[in-house]
Structure formats: C-alpha cells, structure tokens
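S.K.: Given next are the chains, with one letter for each unit.
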Amino acid sequence: MARCWRNRFRDAWCDMSNRVSNEIKGNTKKTGRGPKAIIFACRWCALIGADGAGKNRVQLPLNFRVIPVECAARVEPDSIIRAFSYGIDGVGVLGCHLGGCRYHNANHRALKRLDLLRKLLDTVGIGSGRLLTSFGTAHEYHQFAAILNEFFQGLREFPPIDEWARAQMTDAGKG
Amino acid sequence: MDSKKTVICVLCRCYGEISDVIDLDSLKNMLTDHPLVSSAEIRDCLCLEANLEGLSETIRQSGTGKVLIAACSPLARGDPILRGLEQRGIHPADLELVEIREGCVWIHKDNPQGATGKAWDLINMGLASLIRKERSEDTTTLVRHEVVIVGAGPAGLAAAASLGQLGVKVHLVERGKRPGGMLNLISKVAPDETGPQEKLAPYLKAVDENTNITYYASTHIASVEGTVGDFAISLQAGETGHTIHAGAVIVATGAQALLPQGLYRYKELKGVLSAIELERHLKAGPVQARRIVFIQCVAARDQARPYCSAICCPVSLKNAMALRKEHPEAEVSILHRDIICPGSTLEHYYRRAMAKGVKFIRFEEQNPPVIEGEDQVSTVRVYDTATGIMRELDTDMVVLSTPLAAHKDAHGLVRMLALTQDHLGFFEVQPLMHPVETTVPGIFICGSARWPVLADRAITQGEAAAMKAFCLVSGQEIAALGLSQFKGEKFAIARVDQEACTGCGNCVHICPYDACTLGLVDGASKSTVDPMRCTGCGTCVAVCPNGSIQLPEQDAVVIGEMLAQSFS
Amino acid sequence: MNLGFIKTTCPYCGTGCGLVLQVRDGKVVGNYPDRDHPVSKGSLCIKGWNAHEFIHHPERLTSPLLRKGKTFYPIPWDEAIDLVVERLGRTAEKYGGDAIGGLCSAKCTNEENYLFQKFIRAGFQTNNVEHCARLCHSPTVAGMSQALGSGAMTNSIKDLEGAKCILIMGSNAAETFPIIMGDIYKAKDRGARLIVVDPRATEVAKNAHIHLQIRSGTDIPLICGMMRHIIEHSLEDKEFITKRTEGFDTLNEYLTGWTVERAAEECGLDGDMIREAAETYATAAEASIVFCMGITQHACGTANVLAICDLALLCGHVGKEHSGICPLRGQCNVQGACDMGGLPDVYPGYQRASDPGIRKKFEDAWGRELSDRPGLAVTETIGSGGGDIRSVYIMGENPVMSDPNRNKTLEFLKQLDFLVVQDIFPTETTQFAHLILPGACFAEKTGTFTNTERRIQLLRKAVDPPGEARDDFTILCMLGKAMGLGFDYTDPSEVMDEIASLTPLYGGVHFYRLGHGGLQWPCPTDDHPGTPFLHKGEFTRGKGLFVVPEYTPPVESPDHDYPYIFITGRMFCHYHTGTMTRRSPSLNRETDKPFVEINPVDAARIGIRGGDAVRVSTRRDAIVTTARITERVSRGSIFAAFHFFEAPADALTIDALDPVSKVPEFKVCAANLRKEESDGLS
Amino acid sequence: MNIREDARRAARKVLEQGKAQGVLGLREAGDGVSPHLFEDPGDIDSLVVEPKWLLAKLATGILKDLPDDYRLAVMCRGCDERAIVELIKRNQLDGAKIHVIGLACSQEQARACLCTRPYPSEVAAGDVVEGVDPFQDERARTFLEGDQRERMIRWATELKRCVKCYGCRNSCPICVCVPCKLEDDLWVGRGEIPADLISFHLIRAFHLSDTCVACGACQDACPENIPLMLLQISMRAFLMQEYGYEAGTDRERRSPMLSDLTKEPSPGYEIPGWVDSLKDSV
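Chains as they are written, first to last, in the working numbering: chain A, 1 to 175; chain B, 1 to 568; chain C, 1 to 682; chain D, 1 to 282.
Hints were generated in silico from the structure; no laboratory data involved. Idealized CB from N, CA, C, for every residue including glycine. Careful, some of the hints might be misleading.
[What the hints assert, rightly or not] If you anchor each label on the Cβ, the simulated ranges turn out as follows:
1) B:S26 - D:E145: 31 to 41 Å
2) D:E122 - B:T140: 53 to 63 Å
3) C:G607 - D:V178: 35 to 45 Å
4) C:D527 - D:E50: 23 to 33 Å
5) B:G519 - D:E16: 31 to 41 Å
6) B:C308 - D:E122: 24 to 34 Å
7) D:S46 - B:L520: 30 to 40 Å
8) D:K13 - C:E468: 47 to 57 Å
[Stated by the list, open to error] Cut-off 25 Å, straight-line C-alpha distance, at most; resulting in silico cross-link-like pairs (BS3-like, lysine-lysine):
9) C:K27 - C:K186
10) B:K109 - A:K55
11) C:K27 - D:K64
12) B:K283 - B:K270
13) B:K4 - C:K675
14) B:K4 - C:K186
15) C:K675 - B:K5
16) B:K408 - D:K263
17) B:K205 - B:K177
18) C:K27 - D:K97
19) A:K119 - D:K97
[Said to hold, decoys possible] In silico negatives: residues of chain B with every beta carbon more than 10 Å from chain A:
20) A201
21) A222
22) G343
23) R351
24) P435
25) V521
Please build the complete structure, drawing on both the sequences and the hints.
M.R.: Listed below in structure tokens is the structure:
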C-alpha cells in the first residue's frame with residue numbers, strides 16, 4: 001500500500017522537532033548570528049551556480065542552507081511558510097529562466113505562485129523582502145554569490161522573524 | 001522495535017581540504033551519540049578506488065541499512081563515489097551525500113568554527129533525508145519492436161529505411177497517394193539539384209524491398225491509445241480501418257507551403273506566382289518569361305511569423321539558376337532582405353548563382369518592393385538599400401517566396417498524442433540538447449513538422465529519430481524510471497495516496513506532461529499517475545492541497561524535517 | 001431518505017452554544033454552529049465543532065450489565081430496575097435512609113436531575129444527593145449566597161462586551177471558554193482594560209493589559225491589598241456602600257492589617273502593580289469580575305469568593321449593566337443541577353432543606369415524608385472512608401478520575417455493599433459498579449440545560465440511543481414507578497411544569513416558551529421575559545453583606561522533598577475525564593498523550609528535554625507523563641491537565657477540603673519531578 | 001419588493017415545475033432559523049432568507065448521500081453560487097444535480113462581508129446592489145496600512161487570540177480535504193493554542209489564495225472575530241488585476257496558477273520567442 005506520508009507512527013526522532021512548544025522553538029533557535037536563510041536551489045541551474053561558488057572559494061554569509069530540489073515548481077508554498085514559522089528569516093527559490101526549464105515550463109507555475117505568496121507575506125507584515133525568487137540568474141557562480149549577498153543585505157534590515165511570533169501587543173501588558 | 005541506530009556516517013578528510021578547516025573529530029563524537037547513527041568514521045579521499053573498496057567492505061560487513069557520506073559535491077567526486085558504491089551492491093535509496101566541501105568548507109574558509117556548526121546542520125539535514133527517502137517503485141512495460149512513422153516525406157522515408165535496415169517492423173503511414181511529401185511538388189531538390197525521385201530513390205527502394213516495412217498509402221490516423229512501449233494506433237483508409245500496435249511513434253508530417261494571400265497583388269495580376277506554382281511550371285517544361293523577379297521573405301520574419309523558413313533562399317537560388325541556364329539572356333533578379341544560406345554547400349551555391357549572373361537587390365522590411373501593372377505585371381519598383389536609389393525593373397513574372405507553415409493541428413495528431421505546440425503551431429520539443437524528442441515519451445519528431453528544413457536536413461533528422469526510436473524499442477521492456485530521455489534515470493515518479501486524495505484535479509491541470517489523470521475509485525474521483533509519462537519534476541506536489549501526491553525520493557516529511565533541523 | 005437539521009445545545013462547557021445536528025437515516029452525520037444563537041452567534045470552539053463524533057462510538061453502553069466476579073453480563077431492563085430498587089431498599093431498611101448516597105450529573109438535563117433528587121429524597125428519606133458542583137463551584141454557591149443572596153452569575157455573557165474593565169481571576173478562558181473569551185476580546189477592542197490574575201502566563205494573560213502572576217493560593221492577600229488601596233484613596237463607591245450594603249466596618253477594620261506591601265510580599269508581586277490594578281478596577285465606569293476554578297478549588301475557596309464579592313460591593317460594580325460577578329460554570333448543566341437541588345442542603349431553587357416550611361411544601365407535592373437531617377458532601381463521605389454510606393447510585397459522573405486522592409476514592413467504592421453507575425461509556429468508575437445502566441447522550445434526549453448565565457435552553461432529540469440504552473428520564477421514571485413514587489410522566493415537559501410549580505426561580509419556565517434562545521432565570525411568572533442581570537436595585541438577600549475573608553495559605557506548600565507547586569486544570573481540546581473527548585478522533589488527534597508543562601529553567605536544571613518521559617510524584621501518588629517545555633508556567637511550578645487516564649493528574653492532588661463548601665484543593669499541592677529512566681511512555 | 005416572498009415564490013415554482021426534487025434553504029420553525037430540505041411545496045411558507053447562512057458545503061454533503069437522479073435546488077447568495085462553481089470545478093459536486101435559486105444581498109450585508117459581487121448570476125429574489133471595494137473598509141485600512149513593522153505587530157496581536165477551533169476551516173465551503181494539513185504536526189504545532197501564528201493561518205490563507213469566493217464564512221465563524229477576510233483581499237485583487245480571474249465565476253476556467261504563461265499570460269512577464277533564447281530573463 002502506498003506509504004502515506006502522514007504516517008502516524010513516525011519514529012520518535014522525527015517527532016523531536018515538534019515536542020518543544022512553538023514558543024520555545026522560537027528562541028532556542030535564536031543563534032543571534034544574523035539572519036538565517038533556506039535556499040531551494042533547482043538542481044539544473046542554481047545548484048550548479050552554488051557548486052561553482054564553492055569551487056571558486058567565494059566567501060559567502062554563513063547562515064544559509066541549500067535544499068536541492070528537482071525544479072523550482074516543486075517547492076510547496078506551505079514549506080516556505082513553515083520555514084518562516086520555524087524562525088528562519090529568509091527563503092530563496094532559485095529556478096531556471098523562462099522557457100529554459102528542463103521540465104517544460106514548470107518554472108512558470110513557480111513564478112506565478114511566488115508572486116501571489118509575496119502578496120500574502122506583505123499583507124501580514126512578514127514582508128516579501130524575505131522571499132527571494134530568481135529565475136535564470138543563478139546558474140553562474142558569480143551570479144549565485146551576488147544574489148545571495150544581496151539577499152542577506154536585505155534581510156539584515158528586517159527584524160528577526162521570531163519577533164513576529166512573539167510580537168508584543170501595542171499596549172504591552174506588564175508582569 | 002529494532003534499535004533505530006542504523007546509519008553509518010563517513011566523513012571524508014579530502015587530503016586536508018576539509019579536515020584543515022572544520023573539526024571532524026568533534027563532529028564524529030557528536031554523531032556517535034546521535035539517536036540514529038550506529039557508527040561514525042573519518043576516512044580519507046573516498047574517491048580513490050582502494051578507499052572506496054575498503055569502505056564498501058566495511059559497509060557490507062556491518063550489514064546495517066544506510067550510509068551517509070559527507071564529502072565533496074556530486075559534480076566533483078561525489079557522484080562517482082555514489083556510483084562506485086552502487087556498483088558494489090548498495091541500494092541507491094540507502095545512500096546520501098552531504099556536500100560539506102563546496103557547500104560549507106570552501107565558502108566559509110575564514111570562519112572554521114562557524115563552518116563546523118554548519119557542517120553539523122548539513123549532516124543532520126542529510127540524516128533527515130536519508131532515513132525517510134525511498135526509491136520510487138519502478139514499473140516496466142513490454143516493448144513491441146514496431147514503430148509507426150506518420151508521413152512519408154523525406155524525413156519519414158529516411159526513418160523508415162534506417163529502421164527497416166535495423167530489423168524493426170515499421171508501419172509507414174502516408175496521408176497522400178504517393179510518398180515523397182513536398183518533394184513531389186518541386187522540380188529539383190536544392191542544393192544538389194537532383195530530381196526528387198533520385199533523391200529519394202534509395203529510401204523508396206528500401207521501403208519497397210524491405211519486408212519489415214509496410215507502407216500504407218492515403219491512410220490517416222484515427223486514434224492513438226496506450227503509452228510508450230505499447231501504442232494502439234487505429235488507421236483509417238477510406239472506410240476500412242484497422243489497429244496496429246507499436247512501441248514508438250515518429251511524427252514526420254512535414255509542413256505546408258503558405259500561399260501569399262493579399263500580398264504583392266498576388267491573384268490580382270497575372271504573372272505574380274508563388275514559389276510552388278513556379279516549381280510546377282518548371283516541372284512541366286521551360287518557362288517562357290525572360291525577365292523574372294524573385295521576392296524573398298514574403299509573409300515571413302515579420303510580426304505574425306517571426307521565423308526564417310530556411311528553405312526559401314536556396315530554392316529561389318536553384319530556380320533562378322535553372323531559369324538562367326535555359327535562357328542565358330533572361331534577366332533574373334532576387335529581391336531579398338537577407339540571403340540566408342548557412343553552411344559551405346549553400347554558400348558555394350549562392351556564389352555560383354552570382355557567377356551565373358543572377359542579380360541580388362536588398363530591400364528593407366519597412367519599404368518592400370511595389371508591383372505595377374494593369375492585369376499583367378509590368379514593373380517592380382524597389383528601394384535598393386545597397387545603392388540607395390529606387391530601382392525599376394521591367395518584369396514579366398514575379399515569384400513570391402513564402403515560408404513553410406505548420407499544419408493547423410497536424411490532422412488531429414496534437415490532440416491524439418497530447419503533444420504540445422509552440423505559439424507558431426510547430427511541435428514543441430524538449431529544449432536544449434534533445435531536438436527529436438517530444439514531451440511525450442516514446443513519440444519522436446523529425447523533418448519540417450518540427451521546423452522548416454531542406455530535404456537533406458529532413459533526412460538526417462529522420463535517421464536521428466529512427467536511431468532514438470530504435471534505442472527505445474530494441475530492449476525487451478522499458479523501465480519507467482529509465483525513461484528520462486536524458487542521461488541517467490528519472491529523479492522520481494510521483495505517487496498518490498489514494499485515501500487522502502480529494503479528487504480536486506489540481507495535479508491533472510498543472511502537470512506539464514499530462515501524467516496525472518482523474519479516475520473513479522469506488523465512486524469518488526481520485527488522481528492516478530502514469531509512471532511512464534511522469535518525469536518526477538514535482539510540480540503537482542506544490543499544488544496538492546493536502547499533500548496526497550508526493551515524490552518518494554523527497555517527500556514533504558523530508559523537507560519539513562530538513563527545515564526543522566537546519567539551524568539547530 | 002429522511003434528512004433533518006435538529007437544533008440543540010452543546011454538551012461540553014457552561015457557555016451553552018447552539019449546535020445544529022445534521023441527521024440522516026437515524027445517524028448524526030454533521031454538526032454546524034447555530035448562526036442565530038444569542039450566545040454563540042454562529043461560532044463554536046474545537047470541542048463544539050466535534051461534539052457529534054462520540055455519539056455513534058462503538059464502545060457505547062447498549063444494555064444493563066450485572067457484575068458476577070470480574071465480568072459483566074447483560075441483563076434485561078426490568079430485572080435491572082428491580083435489582084436496584086430491592087438492593088437500595090434493603091440498605092435503607094438495614095442502616096436507614098442516610099446509608100444511601102446519590103450522585104446526579106451536570107451532564108444530564110434539569111428534568112433528569114430533578115427526578116434523581118426526588119427519587120433519592122422521596123424514595124429513601126435522605127438528603128445525600130450530590131454532584132460534581134462540589135468539586136468546582138460549590139464555594140461560589142456558598143460564598144455568593146451568603147454575600148449577595150444568589151449563587152449564580154449576576155450578569156449575562158454578551159453583557160461582558162460593554163464592560164470598561166474586566167478582572168479575570170483564576171480562569172484560562174481562552175482554552176476553557178473560547179466563546180466567552182471572544183466577547184472579552186470584543187470588550188478589549190472597544191477600549192476595556194483587561195486585568196488577569198493567574199499563576200500561569202496563559203494566552204489570556206499574554207493578551208491582557210495587566211498580568212498579576214501571583215503565587216498559587218494567594219488570591220485573598222491580593223484582593224485585600226487592592227481593597228485597602230481603594231479605601232485609602234477613597235475610590236470606593238461610598239453612596240452604594242451606605243445605601244445597599246451592610247457590614248462594611250468589620251471588613252474595613254480587618255483590612256487595616258493588609259497593607260499593599262504585605263499583600264505584594266505574600267503574592268510575590270511588586271506593590272505598584274497591585275495599586276494600578278486596584279485603581280483600574282475601581283475607577284472604571286463599569287467593571288466585571290470573571291473567575292473560575294483558580295479561585296474556587298482551594299482550601300480557602302469560599303473565602304476567595306467572599307473576597308471577590310467584597311471587592312465588587314466595595315466599588316459598586318454589581319447589580320447593573322456590564323458590571324457584575326461572573327463565575328464561569330464548567331459543565332453544560334452544572335448550574336441546572338444546582339438549581340434542581342442536586343446538593344445535600346437545598347431543595348430545587350436553593351430552598352433550604354433545613355427550613356420546615358419548605359420541607360412541608362415538598363412533602364405535600366411528592367406525597368412522601370422527607371428527611372430533616374442535612375446530607376453529606378461527596379468529598380466528605382469519600383474522605384472519611386465512608387463508614388456510614390453503604391450503597392451509592394451514580395448517574396453520569398466519574399469520581400474515580402475527577403475526585404482528589406484517587407486511592408481513597410477506590411477504597412470507598414470497593415467497600416460499598418451496592419454501587420449502580422449509569423453512564424453512556426464504560427469509564428474508570430463503572431469498573432467498580434455492581435450494576436451498570438446504559439444512559440443516553442445529549443443528542444438522544446429532550447430536556448433543558450441551564451448555562452452559566454442562567455439561560456435555560458432546550459435540547460432536542462436527534463437520534464435514538466444505541467441498542468437497549470434508554471435516556472435517563474425514562475430510566476428514572478421506571479425506577480420511580482418501581483418504588484411506587486408515582487413517576488408517571490410521559491414527557492420531560494411535564495417534569496418542567498412540576499418544577500415550575502415548586503420552584504419560584506423557574507416559575508414561568510415551560511418548554512413552549514424556550515423555543516428560541518431560552519430564558520434566563522429568575523423567571524417567576526409565565527409572561528416574565530427572564531432576567532439578564534441580577535440584583536438590580538436590591539440584592540436577593542436585601543442588602544449586600546461584607547464578609548471578612550479569612551486567609552489560610554495553601555495546605556501543602558513546596559518543601560525539600562516536593563519542591564514544585566503542582567497545578568491541575570483543563571486544556572483546550574479535551575474535557576474533564578476525557579470520556580467523550582478522548583473518543584472523538586478530531587480532538588484526540590490534537591493531543592493524544594498526557595503531558596506536564598515545565599518551565600525551561602527548571603527543565604534545564606533537571607536535564608529534561610521536550611518529549612522526555614518524566615515522573616511526577618506527590619505524597620499520595622505518582623504518574624509518568626511526557627514533558628512539555630513552555631514559559632506558560634512560572635519557575636517552581638508545574639501544570640498537568642487531568643483528562644488522561646494513563647496519567648491521572650487528579651490522583652496526585654490533596655483531599656484537603658474547604659471547611660464551608662467542602663471543595664478539595666485541586667490547584668495547589670507539592671510535587672516532585674524526576675526524569676523517568678526506562679523508555680517510559682515515548 | 002419583499003425578498004422573502006420572492007424567494008418563497010421562486011422555491012415553490014422550482015418544486016412545482018419539477019426542476020428539482022428538493023430545495024435546501026432556511027426554515028423558521030419554533031426553534032429559530034435552521035437549514036431544512038423542503039420537499040413538498042406546502043411547507044415552503046416557513047422558508048426564510050435571514051440570517052446569512054452559507055449552504056454550499058451543506059449541499060455538497062447532502063448530495064453525496066442523495067440518490068443519483070435527485071436534483072437539489074439551493075437558495076444561494078452570490079458567494080454561495082461562486083462556492084458551488086468552485087466545488088464543481090474541484091469535482092466535489094456534480095453540476096447537473098444542482099439548481100441555483102439566486103438571492104441578492106442587501107447593501108449593509110455587502111459592506112459587512114467586504115463583498116465585491118453581492119449578487120448571483122441570475123437573481124430570483126432581492127434587488128442587486130453595487131459591490132463594495134474591500135480596501136475602502138475602515139477596518140481593512142487600519143490593518144493593511146502603515147509600514148511593514150506596524151502591520152506585523154497588528155497581525156501578531158490579532159492572531160495570538162486564535163483558540164484553534166478550526167472554525168475557519170470547517171465553515172469554508174472550499175476546504176474539503178480530509179485529512180487536512182493543518183492537523184498534522186509536520187505543518188502546524190499540535191496540542192497548544194494559539195495555533196502556530198505563521199504556519200496555521202498563512203497555510204490556510206494561501207490554500208484559498210486562488211479559490212476564495214469572499215463569502216466571509218471564516219470570519220463569521222471565528223469566535224475571537226479575527227479579520228480573516230483581510231488575508232484574502234490583496235491576493236484576490238492581484239489575481240483580478242494580473243489575470244482578470246475571479247474564483248467561482250466561470251465553471252470552465254481553472255485557476256491561472258495551474259497553467260504556464262503561454263496559456264494564462266501575465267502582463268509582467270514576456271516569454272522569449274525562441275525556445276532556447278539566452279536573453280536574460282527575470
């Protein structure tokens with residue numbers, strides 16, 4: 001029977017991330033070392049850019065992690081939102097240029113969807129500056145490095161997203 | 001429940017490249033008391049055969065499940081290490097490569113302490129992926145050693161001939177009465193000036209004599225069912241229709257010459273012909289007219305058809321030289337925006353035309369030549385960009401070179417094969433390096449159906465398509481995972497959890513390959529994935545509201561846990 | 001295909017939200033909020049949305065079960081009825097009526113509770129009728145009756161929206177009364193100031209303006225400190241005190257001892273927060289006090305309630321719109337059960353059992369001679385090992401899980417001659433029963449619930465009870481007829497008419513008048529529209545009485561062996577003993593394992609991480625549960641919900657009782673916390 | 001023109017002409033207003049149209065159990081009908097079995113729901129009023145104005161009141177997934193309130209980004225009256241302005257999010273003519 005990802009009896013290790021209440025998860029993750037970012041890199045172009053940046057020893061900000069994906073269109077918007085709720089300050093989705101997608105225009109869907117998600121992030125004040133999307137400009141190592149540095153530059157202006165989760169009220173309650 | 005410690009972690013020192021920057025020993029200690037890791041080792045340069053052999057030996061002895069390798073990037077030596085281990089009998093789903101050289105050490109050389117922390121996170125993310133990922137179930141279908149070729153133009157004939165020679169049963173289906181496609185309409189074949197019959201002679205001979213090839217004249221395709229490896233194609237010849245089965249389909253339906261309706265007073269003045277009509281006259285016999293003007297790029301390279309049809313210039317040169325050859329005193333001039341004759345033979349062909357006295361006058365797209373005359377064409381006035389003066393040419397005949405345009409829906413083939421057309425109507429092919437493969441596995445395309453080409457180019461494409469089809473149908477069976485049309489295997493095949501699927505159809509509408517279909521499963525509509533068609537891109541996963549469709553290699557739990565572990 | 005939409009009332013908390021059950025072919029298939037209900041106005045909490053999930057659960061009791069040795073055998077109804085009547089009758093003859101004890105239910109309807117107490121009182125001439133109000137708001141009934149003359153919530157829920165200041169004491173309303181919390185938030189949106197008094201930093205506290213995080217059990221010092229500050233700055237409503245209250249001087253003299261500094265030191269707060277809270281409350285034009293178990297479940301529960309009444313009377317914030325004292329009743333019909341006389345010392349409508357005139361009235365009505373001896377509180381009988389109670393009839397209660405110090409409860413139940421339990425599911429208590437009677441749930445009976453704002457609302461029968469189960473009204477009628485008490489009612493509405501005739505508060509309450517939105521008692525006559533808020537112009541007892549609240553610190557405070565304050569309480573997705581919610585898939589999916597909340601600092605000190613198995617032990621018992629690290633509990637205190645039979649939090653609590661109301665001290669006891677070595681629960 | 005009389009007349013006509021075997025509407029009986037399946041024209045007199053009670057999700061549930069040849073008429077406001085169209089598109093409802101009896105909303109109902117189209121395609125009762133621009137609403141302005149940091153504080157304060165009753169998901173006509181992502185700890189922390197501030201609300205809001213029919217059911221069902229509609233209005237405006245797409249208005253057209261830029265072009269992006277053009281794109 002197709003194994004349903006909603007496997008209720010996932011082994012304990014998988015549940016580890018969830019046991020601590022959300023509130024605690026917010027600050028235990030606070031590494032205080034500047035903004036944190038997750039980059040979903042399309043395996044056909046952006047990942048090659050990232051690899052190139054490694055080969056050319058380009059020094060990049062420390063706080064980013066790359067998750068390789070088959071195509072930018074594969075990145076679920078819910079994963080991006082879940083990343084923000086885990087206290088990750090910025091999420092990048094790097095895909096191929098329009099018309100150059102190895103999966104026949106799949107990146108068009110990603111493009112449209114991320115534009116729409118930007119509207120929602122702006123509405124609630126998380127800020128669309130936290131969502132980096134680049135289609136077709138990250139497959140060269142210098143481009144990848146430039147985009148990443150510029151993204152981190154922008155993220156430094158935003159307050160850490162944990163603060164969003166624990167935003168004090170306008171007339172902050174004492175005690 | 002057996003203990004969960006099933007993962008072996010191998011950290012590569014990489015000749016000091018890695019171990020000089022990050023503190024591998026502290027990583028090793030931290031890994032040993034990780035709830036999932038049974039043993040963690042530090043080895044050196046795994047990319048060397050000897051070390052790889054040693055590693056696979058220890059893995060085989062330990063007998064536990066999974067191996068995580070923290071070394072260089074897949075594009076560097078990472079993939080060879082994984083391939084090496086796979087050849088030594090370790091299942092790919094039990095292997096995970098964590099890129100700590102290019103991904104961490106080399107880009108954080110100036111912050112070793114930070115790099116060690118990042119390496120720890122990357123290894124944790126690798127573990128999250130490793131314990132959860134599976135290999136998609138591979139389904140195989142038997143292959144019929146038969147190929148259907150649609151259209152017996154030069155491309156189709158070449159494909160049929162080469163496939164027949166390879167011993168594959170070929171069904172050559174031609175809509176018209178005679179094979180040859182558009183070559184039947186022309187007098188000589190540019191640029192080698194041979195007659196259409198001689199050009200196609202070897203292929204026609206092969207089609208007749210080779211028993212493997214069955215030729216169906218004036219037959220068209222009624223419907224196509226099934227998927228790669230076993231297409232059921234029903235043919236319709238007048239009333240009689242019958243079904244044949246084939247492992248692959250080659251589409252060689254060619255294109256159609258465009259008639260220059262409403263341009264340059266075509267059909268209004270006598271003497272204004274289209275290039276095809278000139279070919280008919282040349283076939284019939286010598287042409288009387290002495291002063292002939294060819295006008296190139298008629299209804300081409302403009303807003304409506306922003307493409308160069310690549311055959312009009314060589315064809316016009318051929319006709320111009322033929323006219324000059326019959327009546328040396330004939331004045332033949334070609335009004336063109338650019339003469340496009342790529343390659344050495346065509347360049348030589350162009351120079352020969354100049355040598356033969358054909359005049360070439362260049363005009364600009366903004367002010368095209370003007371045809372004058374009451375009922376018979378008399379003069380053509382054109383602004384010659386080279387000399388900058390308005391030229392008046394007395395002419396008896398004007399030949400308009402129009403481009404080849406795609407058949408409207410290739411006689412329904414688009415719908416039947418669920419192919420896709422680009423916005424100009426030509427069949428869309430995979431981009432970059434795969435000119436003869438379409439988005440649908442098992443369906444190939446060659447000749448002008450894909451893009452206007454000259455006869456010899458059509459023939460080469462036909463043979464290319466034949467070779468690709470042969471690679472497909474030569475085996476006993478096709479594995480779905482192997483059908484990635486590119487090097488290596490597909491990344492994954494999407495899998496639907498039928499219980500959770502609500503049948504909303506988002507995946508069906510978004511799939512770039514129409515691999516998802518909605519079917520009724522005891523009354524409720526559920527989505528099912530055709531493993532042959534699915535290429536594992538995951539576009540459907542992003543729009544499924546409750547995550548029923550997933551890629552087993554990287555499902556939502558893997559990404560969720562990677563996010564959770566990313567900054568511990 | 002019969003398809004119906006039946007409007008009824010939610011069976012869980014005291015808010016009394018309106019539900020619409022979708023019924024198809026005798027099965028409840030859907031549950032939607034009632035969009036034009038006066039209280040819930042089209043919204044529900046997580047329990048309300050899933051209130052229909054346990055109705056058709058396979059474990060429902062479907063026939064009377066008699067115990068032989070360890071196993072239960074189904075027996076027919078008439079045999080079961082005769083057995084009950086014969087065994088209870090034999091105990092009454094042998095030891096006298098007072099050897100019989102009856103526990104009615106805050107989950108059953110008013111009519112069923114009325115019949116139950118009539119069956120026990122008239123049948124066996126005893127006042128031993130009790131129900132779970134003893135464990136929750138009995139101090140409220142005692143305290144507010146003494147101070148104001150009526151023990152119920154003075155105002156109504158929607159009335160809270162208009163208040164200018166709301167003082168929430170000892171109530172995690174966001175988790176336990178989400179719909180009422182909605183109205184409190186509406187008030188906040190309109191500019192009201194929220195003051196929260198709670199040892200835990202609950203969601204209510206985080207969204208409040210002032211959060212007084214006092215040490216558990218120190219409510220009286222806080223209130224006395226506030227009152228002292230109000231009097232010192234003469235912010236009290238002098239005109240209201242002189243005209244409408246009595247006994248102010250004794251209180252004023254008692255308050256001289258309570259300077260704000262002393263109160264602050266006792267509560268563990270700093271003085272000016274108490275001053276700010278006092279000023280905010282006193283100076284507000286209209287202010288309401290909302291309180292719940294945090295106030296009542298203490299050994300000084302009654303004193304706490306009296307202190308609250310004193311504070312309200314002091315500032316004149318009672319007896320008018322948007323100002324009142326609002327105890328939030330936990331169960332869907334605990335208010336009704338108290339109204340129907342489910343208490344040992346009162347007949348229906350809080351008419352004193354000791355008053356011979358009242359007793360005479362009921363003897364004439366019921367045709368049986370009634371006892372003049374006051375009944376025993378359930379916590380007393382169980383606490384004393386229950387020597388004199390020989391047989392008990394429990395309807396819709398689960399004392400094994402809900403009563404403090406479980407070992408004592410088990411001892412008491414085991415030594416009984418005869419125990420009959422009437423419930424809809426097999427629970428921890430039915431294991432000890434000699435006879436189990438299958439009752440009906442809220443969707444299978446017609447009747448009325450009274451919610452926390454005294455609104456009597458109709459329940460309408462949607463489906464039939466499963467198998468042989470009967471609704472409690474029918475069972476009690478059968479028992480009554482077998483006892484010859486003349487219970488020949490054909491329909492619960494007749495019972496309500498009888499109640500109306502005997503109870504002034506319910507004088508004008510009849511089913512035909514409760515169609516849409518119900519009526520709020522007191523409703524003396526048939527044309528009376530009901531009373532939105534009490535004590536208008538004049539208190540029920542005439543003048544409001546200031547009573548000196550005697551402060552007694554918690555009975556068991558932390559010491560070397562048990563260094564943590566252990567607090568029990570509810571959580572948002574389960575309800576009381578979990579009989580219904582833990583059988584509802586949507587609720588169980590939210591939280592299916594017991595947990596204990598630990599402050600990160602304490603957790604770090606002991607080396608506990610989220611999800612580890614921990615052992616919580618007190619002098620009485622110990623449980624193993626999973627740790628949940630959160631800043632909701634302050635340092636030095638831990639919190640556990642009592643819904644989980646795998647780790648029954650109430651088993652650890654101390655059975656120290658409040659002298660007046662006999663409520664056990666659930667909220668404070670001393671416990672120890674240790675990491676569980678073996679694989680424990682995970 | 002009394003909307004209730006017209007509604008009753010329309011419902012009676014549908015039953016008498018046999019266009020549908022049953023009409024799903026609201027009934028005023030002794031116990032106040034509740035949904036009811038009217039099957040004989042006789043008891044249509046107890047049919048009412050107030051208060052606003054969305055029946056699309058109810059109709060989907062009922063139709064699953066009704067016999068196949070049963071045609072159900074539903075008293076629909078504008079948003080109800082749009083919800084039914086969306087449900088048909090997502091194969092939860094069989095379009096042939098549904099007959100819509102249109103009710104037009106009053107002006108202040110439209111204002112309460114910030115509804116841009118407070119009327120169904122054919123109106124059987126009530127007179128059409130002009131839609132409301134959601135961005136003019138005073139509460140919407142306070143929530144969407146100001147710089148990003150102010151909005152953050154305002155929304156965090158509002159969302160911290162959530163008691164995780166799932167009322168927004170349960171009452172939304174489009175939310176039909178069982179099991180639903182919000183109940184799994186992979187996406188939203190389980191077992192505590194307030195619901196995960198970012199992931200619960202934004203995942204739910206984004207799932208409805210291109211299918212929300214702006215019926216306001218989520219906002220009405222929220223006990224803590226959190227302005228959930230304000231999460232959707234900017235996304236709906238974007239879809240209308242960019243692709244001219246409004247959920248629920250056209251049974252054939254699927255959301256533009258599901259197709260590539262050649263089929264559903266967006267003015268912002270120009271697709272290069274040639275397949276392998278290296279022109280630097282976005």
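S.K.: All hints, please: hold or fail.
M.R.: Against the structure, the hints:
no. : hint                        : result
1   : B:S26 - D:E145: 31 to 41 Å  : 51 Å, violated
2   : D:E122 - B:T140: 53 to 63 Å : 54 Å, holds
3   : C:G607 - D:V178: 35 to 45 Å : 41 Å, holds
4   : C:D527 - D:E50: 23 to 33 Å  : 27 Å, holds
5   : B:G519 - D:E16: 31 to 41 Å  : 39 Å, holds
6   : B:C308 - D:E122: 24 to 34 Å : 53 Å, violated
7   : D:S46 - B:L520: 30 to 40 Å  : 39 Å, holds
8   : D:K13 - C:E468: 47 to 57 Å  : 48 Å, holds
9   : C:K27 - C:K186              : 37 Å, violated
10  : B:K109 - A:K55              : 12 Å, holds
11  : C:K27 - D:K64               : 15 Å, holds
12  : B:K283 - B:K270             : 20 Å, holds
13  : B:K4 - C:K675               : 22 Å, holds
14  : B:K4 - C:K186               : 51 Å, violated
15  : C:K675 - B:K5               : 23 Å, holds
16  : B:K408 - D:K263             : 18 Å, holds
17  : B:K205 - B:K177             : 17 Å, holds
18  : C:K27 - D:K97               : 24 Å, holds
19  : A:K119 - D:K97              : 37 Å, violated
20  : A201                        : 39 Å, holds
21  : A222                        : 27 Å, holds
22  : G343                        : 27 Å, holds
23  : R351                        : 37 Å, holds
24  : P435                        : 15 Å, holds
25  : V521                        : 13 Å, holds
In terms of the numbered hints stated before, the structure departs from hints 1, 6, 9, 14 and 19, listed from lowest to highest.
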